[in-house]
Amino acid sequence: MANLLTAPLMARKDISPETLNDETPNKLSCADHFKSPTLGPEMRSILKRVDRPKDEETPVKNKRRRSLAGITEETSADNVKQHSLLRSKSFCGAEIEKVLQIDDCRHMIGDFTKPYILPTVEGRHQELQYITAEMVVQLVNGKFDEFVERFLLFDCRYPYEYEGGHIKGALNLHMEDEVESFLLKKPIVPVDEAKRVIIIFHCEFSSERAPRMCRFLREKDREVNGTDYPKLHYPELYILKGGYKEFFPKFKLYCEPQSYRPMNHEDFKEDLRKFRFKSRTWAGERSKRDMYSRLKKL
Numbered sequence: 089m090a091n092l093l094t095a096p097l098m099a100r101k102d103i104s105p106e107t108l109n110d111e112t113p114n115k116l117s118c119a120d121h122f123k124s125p126t127l128g129p130e131m132r133s134i135l136k137r138v139d140r141p142k143d144e145e146t147p148v149k150n151k152r153r154r155s156l157a158g159i160t161e162e163t164s165a166d167n168v169k170q171h172s173l174l175r176s177k178s179f180c181g182a183e184i185e186k187v188l189q190i191d192d193c194r195h196m197i198g199d200f201t202k203p204y205i206l207p208t209v210e211g212r213h214q215e216l217q218y219i220t221a222e223m224v225v226q227l228v229n230g231k232f233d234e235f236v237e238r239f240l241l242f243d244c245r246y247p248y249e250y251e252g253g254h255i256k257g258a259l260n261l262h263m264e265d266e267v268e269s270f271l272l273k274k275p276i277v278p279v280d281e282a283k284r285v286i287i288i289f290h291c292e293f294s295s296e297r298a299p300r301m302c303r304f305l306r307e308k309d310r311e312v313n314g315t316d317y318p319k320l321h322y323p324e325l326y327i328l329k330g331g332y333k334e335f336f337p338k339f340k341l342y343c344e345p346q347s348y349r350p351m352n353h354e355d356f357k358e359d360l361r362k363f364r365f366k367s368r369t370w371a372g373e374r375s376k377r378d379m380y381s382r383l384k385k386l
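Everything in the sequence shown is counted per the numbering used here, starting at 89 for the first residue and increasing by one.
One thing to keep in mind: the hints can contain errors.
Cross-link-like lysine-lysine pairs, in silico, DSSO-like; alpha carbons within 30 Å at most [unchecked claim]:
| id | residue 1 | residue 2 |
| --- | --- | --- |
| 1 | K340 | K273 |
| 2 | K274 | K202 |
| 3 | K231 | K283 |
| 4 | K333 | K308 |
| 5 | K273 | K256 |
| 6 | K283 | K202 |
| 7 | K231 | K274 |
| 8 | K357 | K333 |
| 9 | K274 | K256 |
| 10 | K338 | K231 |
None of these hints come from the bench; they were simulated from the model.
Could you build the full structure based on these sequences and the hints that come with them?
So, in structure tokens, the structure goes:
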């Protein structure tokens, strides 16, 4: 340590001996004392990074290409397998076989034997089939008599609504047990098997009561037919889009009386409260019955 302290300072090559005098050490900065030596041309050439030839196949490139080639071959092989696979024949019968050949089964009626006879439109509930007021009028006027033996129009509104104006020929069934008793205790069978029996539900707006009744009938129909799936007594169900509110202003002549009484009419608040309570009570009893029946099956 003592030698380091007393050793003379080394002069830089770029400082001439003439400039080295007693004041030189004071003029040199600290960075000048500790500056790294300059590399010569020979050292630069040794340390310079060698560029790889662009056209040379490196091991990494070869490995990546082999990997990608393997993926391509496997993918193409899978595609060939998928195209070569054929759908096996179903054991469900000729009717189900026809359904499997159709892309969109939503256009088939509930037992999958044939398409819906009436043109449908989009509605609030995608799983249900909606028809327009114009289509109901065409049914009433017999346009589809060649294919439809009978159609039933169910008005699911409360009785005071129905009495205030309804579509001619519509039946007022606003409770689920009424629909079940009317349609399933003695199912309606067409005399001509080539023709159809179709059912149309509606309420004031066809947004809640009619769709609920439609689902209820389909559910009970499935239960009645049991394991004989997909057989149904009433495979073709529709909802009148817009309900009576949309039908009445367009076709007043097809309504009797020619008027429209809304559910929230000021003069029938007590009736509304009574029917709503009755509906909730029946729904609660039904849920209990369903629960008991499920427990019995366990």
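Hint check results:
no. : hint           : verdict
1   : K340 with K273 : violated, 34 Å
2   : K274 with K202 : holds, 24 Å
3   : K231 with K283 : holds, 14 Å
4   : K333 with K308 : holds, 28 Å
5   : K273 with K256 : holds, 25 Å
6   : K283 with K202 : holds, 12 Å
7   : K231 with K274 : holds, 28 Å
8   : K357 with K333 : holds, 19 Å
9   : K274 with K256 : holds, 24 Å
10  : K338 with K231 : holds, 19 Å
The structure fails hint 1 only (numbered hints given earlier).
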